[in-house]
Amino acid sequence: MPTISLRLNGKTVTADVEARTLLVELLRDRLGLTGTHVGCDTSQCGACVVHVDGRSVKSCTMFAVEADGREVTSIEGLARDGELHPMQAAFHENHGLQCGFCTPGMVMSAVDLVRRRPDASEQEIRTWLEGNLCRCTGYHNIVKAVQAAAKSARR
Amino acid sequence: MAGDGIGAAVLRKEDRRFLTGAGHYTDDLQRPGQTYAHIVRSPHAHARIKAIRTDAARGARGVLAVLTGAELAAEKIGNIPTGWLIHSKDGSPMVEPPHPALAFDRVRHVGDQVAIVVAETKDQAREAAALVEVDYEELPAVATVGKAIAPGAPLVWDQAKGNTCFDWHVGDRAATEAAFARAHQIVKLDLVNNRIIPNAIEPRAAIGEYERATGDYTLTTTSQNPHLTRLLLAAFSFGAPEHKLRVVAPDVGGGFGSKIHHYAEELLVLWAARKVGRPVKWTAQRSESFMSDAHGRDHLTHAELAVDRDGHFLGLHVEEVVNLGAYLSTLGTVTPTYLHGILYAGPYKTPAIYVEVRAVFTNTVPVDAVRGAGRPEATYVLERLADLAARELGIDRVEIRRRNFIDTFPYQTPVALQYDSGNYFATLDAALDSSRWGSFEARRAEARKRGKLRGIGLSTYVEACGAAPSALAGALGARAGLYESASVRVHPTGSVTVFTGSHSHGQGHETTFAQIVAAQLGIPVENVEIVHGDTAKIPFGMGTYGSRSLVVGGSALARAAEKIVAKGKKIAAHLLEASEGDVVFEGGKFVVAGTDRSKSLGDVAFAAYVPHKYPAGLEPGLEENAFYDPKNFTFPAGCHVCEVEIDPDTGVVRIESFTVVDDVGTVINPMIVDGQIHGGVTHGIGQALLEQCLYDEESGQLLSGSYLSYTMPRASDVPSYEVSTEATPCTHNPLGSKGVGEVGSIGAPPAVIGAIVDALAHLGVRHVDMPATPERVWRAIRSAQAQG
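These protein sequences, in sequence, are chains A and B.
Numbered as in the working numbering, the first sequence ends at 155 without a single skipped number.
Numbered as in the working numbering, the second sequence ends at 1788 without a single skipped number.
Source of the hints: derived by calculation from the structure; they are not laboratory data.
Among the hints, a few may not be true.
[Claimed, not checked] Each pair of labels, with its calculated beta carbon distance range:
id: 1; chain 1: A; residue 1: Glu122; chain 2: B; residue 2: Phe1409; range: 38 to 44 Å
id: 2; chain 1: A; residue 1: Ser43; chain 2: B; residue 2: Pro1140; range: 33 to 39 Å
id: 3; chain 1: A; residue 1: Arg7; chain 2: B; residue 2: Ser1724; range: 46 to 52 Å
Where is the CB? At the ideal position from N, CA and C, for every residue including glycine.
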């Protein structure tokens, strides 16, 4: 069984994993980081999005061994010192979540969008979020939240 | 409104845990010694099980048990029940076939449960499940309503002739025939209400635990109503005594109806946990959700509306065949009958209505309530007819609605319901204004210059929420009461814990319910904690569905809080040496009227728990229960306006704007109300444009079994919405609220289809079935052009 070592939410983690183990399985089942969710089995829903070396990745489409030597951030690592990340705060202030199940993946995806395109238009935000399904919010307030976070990032 | 009272947009208390990944959904939980279950499911729509060989699976690494239907039957474990007995026109009861948790002689749909494999790890359970050998003898299948009712169709159940479960009706046939006889014109329409799959983003999951020392069971499950699940497990399916069975539904990741129902897997994990002596967890893969979560809608409808020369509706006759699937799910039989047929008055004064619903079995997943549950189907028929009547009579679509609107309340409909309040003109006018309906033709002309076809559509609807007075429900065939319970516990220092039988799966009860209690007791929202989702903590409950939580559950809370105030007055009067009748409760204080003498809620609570100076004969403590049985349904109503643009070369429909003005009665938290409407509208747009559950007609195979083939609405498919509310309070519950969870999915589909038909009307297109996919719209344009 291969041994891997990665930086996870700022800490070094070492684990023995089967070659077939997915990154999301490592996070949820082995490391107990259950904030990253699984909503489908075809890499469509985006509930499992995390950051690998700062870029958003569906953690169900990546083997754990591929994370060896890399920097992984999950939703648990986004808030710093108990203070919500501006994107998390924007989701709260704009009612961008209801049941909360898609939320971790949605937030991680949105953080990457704003990093890449702080001046994204509504249409660009909607197109970017195509890989994240939400059944509760109708996306209306998610888009508002991302716009609000982007605006504060531009300041 | 400022502050955190009724009507304030208080930010949600539950958000932080969800935003930081600290929520606890069922699959997030790990029990000590936990094992994993995998369900072996039928690959066939209809087959006889000739043999099941489990030796290889039992011998596989890590496997603890392989259980089949034969063992289930041998232990005389019961069937999954249905919650509502429907009678046919002739008075005969519906055909009610058994629904075993594991099929043992025949499988009746793709995904039907055949065996459960329990192993040390998830992978071991899945791999061993592939070693279970089942010999099937395939049988002819019926997957669609059309095929099920064809003469000589294969039977899903031998006892259900013609595959009919029941042939129900409501309304007055003779009065309706008389209305048709004197009609100026009869508007006719055939339509399909497409079958949809609910798709909460959290897949279903369940953990069964059994404590050998005490005989106690615990089920942790993705449920909208843990008490109902416990009741059904105890009284019907599993047979564990209710006092030895705890059902917990922790954070639930969306439901939309699909997590109301009692599912086989809930029974199977409890049974398997007892067998293996360790906790057993099952989590659905999404592909399993598609073939095992109850589906929704699936009606085939012929409807006729009799109108006079001026467009007044005289009579309505609706004939429907509806799909129940292979088994009767929890609310499968009430959804297309008492949640549907009695909605056919809508907002209109149609004096005579007759509705006939034939419900049939097919070799498909059971069909049950999905967001709106029966009301979207009725609204869609009615609104399509209203549009067509206007068109055929040459009357404006808005005007024909105005001419027929109910304008006095209370109003007794010809199909059982009595509306208590509403103002359909107000929501219509506001929606027309907000959507700039009056200037639409200029936008149509501008689009035409760009080669695009632009259309506008509206729907005006009434729905029924907050089911229902228990005695009425019982008389109509319900097998349970439909009240709600609440308990308010004031702690010695004056903070409050509230226990409610409603359960949130995204609706924000921890915030809205806290606002209600905080407002009534005059304390800050942060001093109120809501506890829900656990049968060990909450007295009883019927759960969350049918937009009932605020109107029934919230009313129970209001009643319990009133009792707290009443008892508090007695205590305060004693402390203040005043007579009880002179004490009033205002702003969180018990005050001797006309004086400045007062005691705070905290003072009174402290006295209640440290009763040194206390009224003689009064029990110590400050905690009150209430069970609230609704006096009537509530009747949210509103108007939705949709504007679309169609590319005639591709048939692609783009929603340009969507405007909602809903009357949901008194609004507790407008931010949450708007969010519910956004989600519901998107669900409705999904049904109207994108979503279609498809089965292969011949084989009964599920063709739309993943997100690659079933089209969910994505962020880029919908616009931002214009949403507002107009309130006429409900007259018969203490809050004045009417319910909001389903209005969006009820009002949206006919507004979308109305807009598409409006865009294509000049070509002669009269109707386009849902989902209005690019192919379907393109074909409608081409065939109209070919005929024109």
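To see whether the hints hold, each was checked on the structure:
no., hint, in the structure
1, A:Glu122 to B:Phe1409: 38 to 44 Å, "holds (41 Å)"
2, A:Ser43 to B:Pro1140: 33 to 39 Å, "holds (36 Å)"
3, A:Arg7 to B:Ser1724: 46 to 52 Å, "holds (48 Å)"
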